[in-house]
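Trainee: Chains S and G, in that order, are what the protein sequence lines are.
The working numbering puts the first residue of the first sequence at 1, with every later residue one more than the last.
The working numbering puts the first residue of the second sequence at 1, with every later residue one more than the last.
One or more hints might be untrue.
[Stated by the list, open to error] Below, simulated DSBU-like cross-link-like pairs (lysine-lysine); rule was C-alpha separation at most 35 Å, straight line:
hint: 1; chain 1: G; residue 1: Lys91; chain 2: G; residue 2: Lys35
hint: 2; chain 1: G; residue 1: Lys139; chain 2: G; residue 2: Lys35
hint: 3; chain 1: S; residue 1: Lys293; chain 2: G; residue 2: Lys91
hint: 4; chain 1: G; residue 1: Lys139; chain 2: G; residue 2: Lys91
hint: 5; chain 1: G; residue 1: Lys139; chain 2: G; residue 2: Lys59
hint: 6; chain 1: G; residue 1: Lys91; chain 2: G; residue 2: Lys59
hint: 7; chain 1: S; residue 1: Lys39; chain 2: G; residue 2: Lys59
hint: 8; chain 1: S; residue 1: Lys293; chain 2: G; residue 2: Lys59
hint: 9; chain 1: G; residue 1: Lys35; chain 2: G; residue 2: Lys59
Keep in mind the hints are simulated off the structure, nothing from the lab.
The residues making up each chain are set out below.
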Amino acid sequence: MHPFTLSTVDDPAAAIAAHARDPELAFIAGGTDLIGLMKDHVALPERLLDINRLPDMARIEAVPDGGLRIGALARMSDVAADIEVRRRFPVIAEALLFSASGQLRNMASLGGNIMQRTRCVYFRDEDDLPCNKRRPGSGCSARQGLNRNHAIFGWSESCVATNPSDVAVALAALDATVVVQGPAGERAIPFADFHRLPGDTPERDNALGRGDLIVSIEVPSGAEGRASHYLKIRDRQSYEFALVSAAAAVATDGLSICSVRLALGGVAHKPWRLRAAETALRGASLDDVDTLKVAIARSFTEARPLAHNVFKIDLAQRVVLRALQIAGARA
Amino acid sequence: MKPTVTLARKAREGSVTPDGPRVPVSMTVNGGVWKLTVEPRTTLLDALRDGLGLTGTKKACDRGECGACTVHVDGRRILSCMTLAAMQDGKHITTIEGLERDGNLHAIQSAFIEHDGFQCGFCTSGQIMSAVAMIEEVKAGWPSAATADVTSQVTAADLSRAEIRERMSGNLCRCACYPNIVDAVAGAAGRS
């Protein structure tokens, strides 16, 4: 790794001020993504600020109204093991348990998880191949290269990368909010607005700016929470990123769908909500597979596959259907 | 396509000095307190091996992909290659050298011998450190991706072979001794 300095902070205001005034400073929490990026020379911060000692930021709180507040420093394993998380929002626990390995889940924070950067092999390449996300203006090696793992929705000529987080897919489906403290105070970012599409500036992954510190993630109560499921399809059964994954949360009256929320992972630069399908599924019966398939297909008319990932269009629709059926069985 | 190296990377690598500014860190390793000074970029793995001479913890991928460097920090299994030594101030660390008690191997260590859970042995210390902590996770009721229903309570009785394989998936064995590793973990877990 390149040389850098490391200091520790125990006051959020001091952390925010330091980050706001110093473009070469990065926060470090679990470090599981940042240290890998530094070893591969993708991230080269001159100063690291260890935020693990910021107070009260690792708590997992079940809110009385049925919602949930997860501190940004809560570790993936603690959130996945929390019995209230498991009972209220099984999709969150499942998404976390299907991520990484036991060791990494003990290290990685929730705030860091949703900020983790793409696993596109060109972005992380040690020999620094052209990549607009890594070096703006250098080109996209994946657009005409090996793009089996890349996006089918929302990509641009600048970048076809996907977001690797599993739990972000669950949080997107649950309409969570990301609570951020910054130089201008606190604000709550709707999950759908937290991650960006690449457009002409793929080097920016999310809505955070200098001095922004994620303090918590809030999940609203909702009838759909309990009947939820995360289904992940990957090349090996464990310890692998998703080819395609789906988070489904559904509220039903008998077998009839009252409301449903669906999000896909592994298909776009951000967790991909299936709004058209959600609308079309209202009133459908969970045992009417043909109707469910037609409704889900409404969200795939805008899919644009690349040379090597045409299979994702069919696979993703099957994954959504299966996730919806399993979630529905929990209702 | 010919790889290119960015100017930023060249500039920064050119500035690497073998002995940059060091920072103090105090940590308890296998019960003994160590006061070290480390360069901030020193990983916990390198500090254990090169600073303390505890070479039982192995360096293989150095990218958080293989699990060979697994140690316990405050009782939890973590990857020592993916954290910085300078971030461990005040932490309690256990390595493979710290498992034996009065010359007696830990039950998991004995089980790996009994079940022939290794061939070349390079991944073994990581496998054992991972297994020791994993069994504690199960006792604490943590579910896994192999748990049929995450909304229900998990007990040690649920530690099936499928559960062991899933929970140990962060430790790779290139000799592919997996069946015997699962036997060893199942045998030791059944006795503990």
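Trainee: Hint by hint, note whether the structure agrees.
Mentor: Hint check results:
Distance check on the hinted pair: Lys91/G and Lys35/G sit about 12 Å apart at the alpha-carbon level, within 35 Å; holds. Between Lys139/G and Lys35/G the CA atoms are separated by roughly 33 Å; this keeps the pair inside 35 Å, and the hint holds. Straight-line distance between C-alpha atoms of Lys293/S and Lys91/G comes to about 53 Å, which puts the hinted pair past the 35 Å bound. Of the supplied pair hints, the one linking Lys139/G and Lys91/G holds, its CA atoms being roughly 23 Å apart against a limit of 35 Å.
A distance of roughly 29 Å separates the Cα atoms of Lys139/G and Lys59/G; the hinted pair therefore holds under the 35 Å criterion. Restraint check for Lys91/G and Lys59/G: satisfied, since their Cα atoms lie roughly 21 Å apart, inside the 35 Å limit. Straight-line distance between C-alpha atoms of Lys39/S and Lys59/G comes to about 14 Å, which keeps the hinted pair within the 35 Å bound. Using a Cα cut-off of 35 Å, the hinted pair Lys293/S and Lys59/G is violated, with the two alpha carbons roughly 49 Å apart.
Taken as a hint, the Lys35/G and Lys59/G pair is honoured in the structure, with Cα atoms around 23 Å apart against an allowance of 35 Å.
Hints 3, 8 from the list above are not met by this structure, while the remaining hints are.
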